[in-house]
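2 protein chains.
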Amino acid sequence: MLVIRVGGGAELDYPALCDDIAAVSARGIDIVLVHGGSHETNRIATALGTPPRFVTSASGHVSRYTDQTAMDSFLMVYAGKINKRIVELLQQRGINAFGCSGLDGQILRAERKATLRIVENGKQLLLRDDRTGTIDGVNSTLLNTLCAAGVLPVIAPIACSHQGDALNVDGDRAAAQIAVALKAETLLLLSSVPGLLSAFPDESTLIRSIPRSDINAYMDVAQGRMKKKVMGAAEALTGGVATVIMADARISNPIKQALDGNGTTIA
Amino acid sequence: MLVIRVGGGAELDYPALCDDIAAVSARGIDIVLVHGGSHETNRIATALGTPPRFVTSASGHVSRYTDQTAMDSFLMVYAGKINKRIVELLQQRGINAFGCSGLDGQILRAERKATLRIVENGKQLLLRDDRTGTIDGVNSTLLNTLCAAGVLPVIAPIACSHQGDALNVDGDRAAAQIAVALKAETLLLLSSVPGLLSAFPDESTLIRSIPRSDINAYMDVAQGRMKKKVMGAAEALTGGVATVIMADARISNPIKQALDGNGTTIA
Chain A
1 MLVIRVGGGA
11 ELDYPALCDD
21 IAAVSARGID
31 IVLVHGGSHE
41 TNRIATALGT
51 PPRFVTSASG
61 HVSRYTDQTA
71 MDSFLMVYAG
81 KINKRIVELL
91 QQRGINAFGC
101 SGLDGQILRA
111 ERKATLRIVE
121 NGKQLLLRDD
131 RTGTIDGVNS
141 TLLNTLCAAG
151 VLPVIAPIAC
161 SHQGDALNVD
171 GDRAAAQIAV
181 ALKAETLLLL
191 SSVPGLLSAF
201 PDESTLIRSI
211 PRSDINAYMD
221 VAQGRMKKKV
231 MGAAEALTGG
241 VATVIMADAR
251 ISNPIKQALD
261 GNGTTIA
Chain B
1001 MLVIRVGGGA
1011 ELDYPALCDD
1021 IAAVSARGID
1031 IVLVHGGSHE
1041 TNRIATALGT
1051 PPRFVTSASG
1061 HVSRYTDQTA
1071 MDSFLMVYAG
1081 KINKRIVELL
1091 QQRGINAFGC
1101 SGLDGQILRA
1111 ERKATLRIVE
1121 NGKQLLLRDD
1131 RTGTIDGVNS
1141 TLLNTLCAAG
1151 VLPVIAPIAC
1161 SHQGDALNVD
1171 GDRAAAQIAV
1181 ALKAETLLLL
1191 SSVPGLLSAF
1201 PDESTLIRSI
1211 PRSDINAYMD
1221 VAQGRMKKKV
1231 MGAAEALTGG
1241 VATVIMADAR
1251 ISNPIKQALD
1261 GNGTTIA
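Sequences listed follow chains A and B, in order. FYI, in this note's numbering the residues of the first sequence are 1 to 267. FYI, in this note's numbering the residues of the second sequence are 1001 to 1267.
No wet-lab data here; the hints were simulated from the structure. This structure is a prediction, so every number in the text was calculated from the model and none was measured. Where is the CB? At the ideal position from N, CA and C, for every residue including glycine. Some hints could be false.
[Unchecked claim] Selected chain B positions facing chain A (Cβ under 7 Å, derived; list incomplete):
no., residue
1, Lys1084
2, Gln1091
3, Asp1104
4, Cys1160
5, Tyr1218
6, Met1219
7, Asp1220
8, Ala1222
9, Gly1224
[To be verified] Negatives, chain B to chain A, calculated, CB over 12 Å:
no., residue
10, Gly1049
11, Ala1058
12, Met1076
Bound conformation, chain A alone (with noise of 0.2 Å):
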């Protein structure tokens, strides 16, 4: 089982992409796809005219602020558009692909996050109406049926609070939690990046390899978006996942080109 998570960057070429998921399903290797949508998800929310807010938490953190409107255009990109396009692109390719989002059959279980600390203008702020929360389970028995039944999944990161509710959850992480559930072998990372860079942001001081007991050492080299790479990372290798590979999702057969060694290979 390979569970590979890609990126909702600009620069994706999901046609390409898909290309090489039906390659690397021909060889009889089982995967799940979390995907993500984020500049399309801001396209369409400001074309609707309610354009994305990020807030910077008390710590630092920055992350999209997700209220009942923010929620509906991320559902309508992420579950909607990107979903099912990447269904129909992989369903032209042959692969009997199955998109759902978390939320469904709450595949992913989330613990909401009651209330957000944000730092506006040098003050702080108490937000109560964000719908983010942090993954505390996986409802593996659905997606092994799912799995059994022949079809490939393609995952939305939004999962189920405990009252019912759509959240925002952390792609990175969402992918890690399904490798754990699904006892995968191998959890891949792709983004815009070549993998982990000692020397953010230039590409020439890739980490080719990482070894798992010194992932936690490595949270301080990774810088912005790939923080939560790292985390997620760490919690899959705790979690009993033998591999995880961060590799570039811009270039020609990613998936077979990261499986080749190229990325930072962290086993």
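For this one, chain A is given, so just place chain B on it according to the hints.
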């Protein structure tokens, strides 16, 4: 097994509908829900600067013209916002709903209409980029697997063509085909009218009961959108569904009231 189709009109009260689904489901009745979304799709597409285009076929039938831009809006609203907000409403009521479209896992397979001959300003035109189709297969194995897994399927009427393309398909006929494939006892077609009216739009002319052998004679009674419902009803009855009910979606307890005989019952 009860298959419910609910239209996508502006007047629909989704929370009230989901209250009723939860109540019926609690009585141990298996439910599959097929939803609409046309009103909201029109609103979002217009807000995005790509308003819907409706065309009149050479035979006088009016339909949505679904080119790839329109399909993006269709996917966003049907498979994204509407599908997931219904799933959320059901999850909030303790029902483990599972949303997907008919594209997913090829739950609905359809033959794409290669060309669409339309009449515009008195002239005939041939459209080649329309993405609509006619359902010719249901993946009942996968749907039964989902039902056996204890989830309540919530399905957007989008099908998978034989080439893997997403297709816009009629929701009433999709529900009818699903009811046949799952050997449902009852198909319930809810919309913004009380049922089939002998003198549309006079709601006092509701036809309460139609013998199943007479259904085709009522094709001429049905006006506009109701024609598809009568076609769907006929297809379901021919395929072995015992009872088809056309009833009002706008009232409280719409499912209970329909099952109690408030609507047009064909049995």
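Outcome of the hint check:
1. Lys1084: Holds, about 5 Å.
2. Gln1091: With Cβ-Cβ at 3 Å, under 7 Å, it holds.
3. Asp1104: holds, 5 Å
4. Cys1160: Constraint on B:Cys1160 satisfied, holds at 6 Å.
5. Tyr1218: The hint is violated - B:Tyr1218 has no Cβ within 7 Å of chain A, the shortest such distance being about 36 Å.
6. Met1219: violated, 33 Å
7. Asp1220: violated, 37 Å
8. Ala1222: Cβ of B:Ala1222 sits 31 Å from chain A, so the hint is violated.
9. Gly1224: violated, 27 Å
10. Gly1049: Violated, because the least Cβ-Cβ distance between B:Gly1049 and chain A comes to about 7 Å, which does not exceed 12 Å.
11. Ala1058: holds, 29 Å
12. Met1076: violated, 4 Å
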